[in-house]
Amino acid sequence: MESNGGGASPIRREIEALKEEKARIEQRISVLEAQLQEEASLALQQQQNDGVCNGFCPSEISSVDANLAHGLSADSIYRYSRHLLLPSFGVQAQSNLLKSSILVVGAGGLGSPALLYLAACGVGRLGIVDHDVVELNNMHRQVIHTEAYIGQPKVKSAAAACRSINSTIQIVEHKQALRTSNALEILSQYDIVVDATDNAPSRYMISDCCVVLGKPLVSGAALGLEGQLTVYNYKGGPCYRCLFPTPPPTTACQRCSDSGVLGVVPGIIGCLQALEAIKIASDIGEPLSGRMLLFDALSARIRIVKIRGRSLQCEVCGENTTFNQQQFKDLDYEKFTQSPLSTPFLRAESQFDPHFQNEHSNESLQKLKLLSPDSRITSKEYKERIISGEPHVLVDVRPELHYKIVSIPNSLNIPLASLEARLPEISSALKEQEKESTGSGANLYVICRRGNDSQRAVDYLRNKGFDLAKDIVGGLDSWANDVDPNFPMY
Amino acid sequence: MHLTLEFGGGLELLCESVKFHNVNVDLPKGADKLSMRDLLAWVRTNLIKERPEMFMKGESVRPGVLVLVNDCDWELSGQLDTTLEEKDVVVFISTLHGG
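Heads up: the protein sequence lines correspond to chains P and G, in order.
Counting in the working numbering, the first sequence runs from 1 upward without gaps.
Counting in the working numbering, the second sequence runs from 1001 upward without gaps.
Think of the hints as simulated: they come from the structure by calculation, not from any bench.
Positions of the beta carbon are idealized from the N, C-alpha and C atoms, including for glycine.
Wrong hints could be hidden among the right ones.
Below are the DSS-like pairs computed for lysine-lysine, each with C-alpha atoms no more than 30 Å apart in a straight line [stated by the list, open to error]: (1) G:K1019 with P:K306; (2) P:K306 with G:K1087; (3) P:K367 with G:K1057; (4) P:K335 with G:K1087; (5) G:K1049 with P:K464.
Across the chosen pairs, the derived CB separations fall in these ranges [stated by the list, open to error]: (6) G:R1051 with P:G465: 25 to 31 Å; (7) G:V1018 with P:H140: 24 to 30 Å; (8) P:V264 with G:K1033: 27 to 33 Å; (9) P:N486 with G:C1072: 26 to 32 Å.
Bound conformation, chain P alone (with noise of 0.2 Å):
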């Protein structure tokens, strides 16, 4: 049989909504149960007030409903028997979970095993607050999302995941940015955050507004090698701001995009912010507030250190703050630390240097335009020219870790950091270019991964004497979107 090409795509709209239906049933079954289970609880709290189980009545009760004081039912007694066989958590701790409301603000590589065991440990209601996708560069720490939702929002592959481990809880789903237009509004619903966002304008929101909103909040961060773990504004506690009154300078913020991720490292933080989350909600031992876990994968070291209380000056929730909700809308938080609250289309850059991003704020995250288009060729133009057999030196300026994993064939690796005393390696080999084209001159091309370093690059060479030096606008990204689809991107 002839396999028919135009046949599958039909097929797949079909599994796709067939998938949505499948997932909207699931979550009506679990509004439905979750209903079930308080109408039931309440009405056995009816039947105790009622004096019905005073003393013996034992044709009266069901074996089933026999003890059940606690309001878990039987499938629940069963689904969580080893949480309640723990001394130290038992009946009540589990029942203050199933009672209790957690909001997960990020369901990437920190927000991925925290909503896991949230949703597993039996959290009552379960919110995810994400507006991304999921990408195949997520998946080697992103552990909640699978392959099949490569494309779709990372939201519904998080709660897709969480009521396939458990239907019985309630799974509510954010598909948005947070901002402080509703920043108010989804926190003001639960019990309990969890930060589990990638940037600092984020942080100082999500800290900010559960400040306002007398809300705990368990906060993780994780990059490298490294993470960091505190809980804020708990009972009296400090607060993000109470820690880090003034926002870092921009170059001092470092994305897992640029900078590299361990996968397992934010596993291990979102891992212990579900833990801490797990422990306020159902009131058992000492959450981490007023100390911070700093740990440290490379040299095996974990290490909890006794930081600063509540600060009396702190501006949001000091003394004498007047800082309120309205206050709180009104702040441009990306003013505030001069760094965006997310760029889900809008790569970083910072090839300059391989942890700290460039100096000039914030431009990072934007596409710098420092040289005239004269001084400038496209990448499909480059193509051209390699094609037409033109002498030329091709500089690629990006960090020899980033030049070893793709390059463009025949191209010289000299980082931009160290231009500079290298430019003897460019002229040796513009002259060897200049011998093969028997003496006309030969062009001096620069790239990088997004199209800023290879403009300074171009800017320093000029200055320097290096009259052709042109760059490749928007560097191997564009060289892979417009000439070589085929070109590995990272």
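Dock chain G against chain P, hints included.
Showing chain G alone in chain P's frame:
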């Protein structure tokens, strides 16, 4: 005075990617004790190899850097005026935002 200094959260990149430093710091001339203020100046001169502005602002650390003296926030011990003692462990850590 023998101290153990540790840099984390990316600050180690400012001192040739070395996280742990066992150092011997001389007391300032005429002084009988070493304060965190003195130590910061010493670190800036002797350990920070590049972009000192990523470590310090004025005479203190830049915003976003936590300083811990023997696992305790330096805000609790007097910040710049904290007096250091033999074999103290001082940690400088840049706060992370990633996830």
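Problem - Structure versus earlier hints - violations, ascending order - result: 4, 8 and 9
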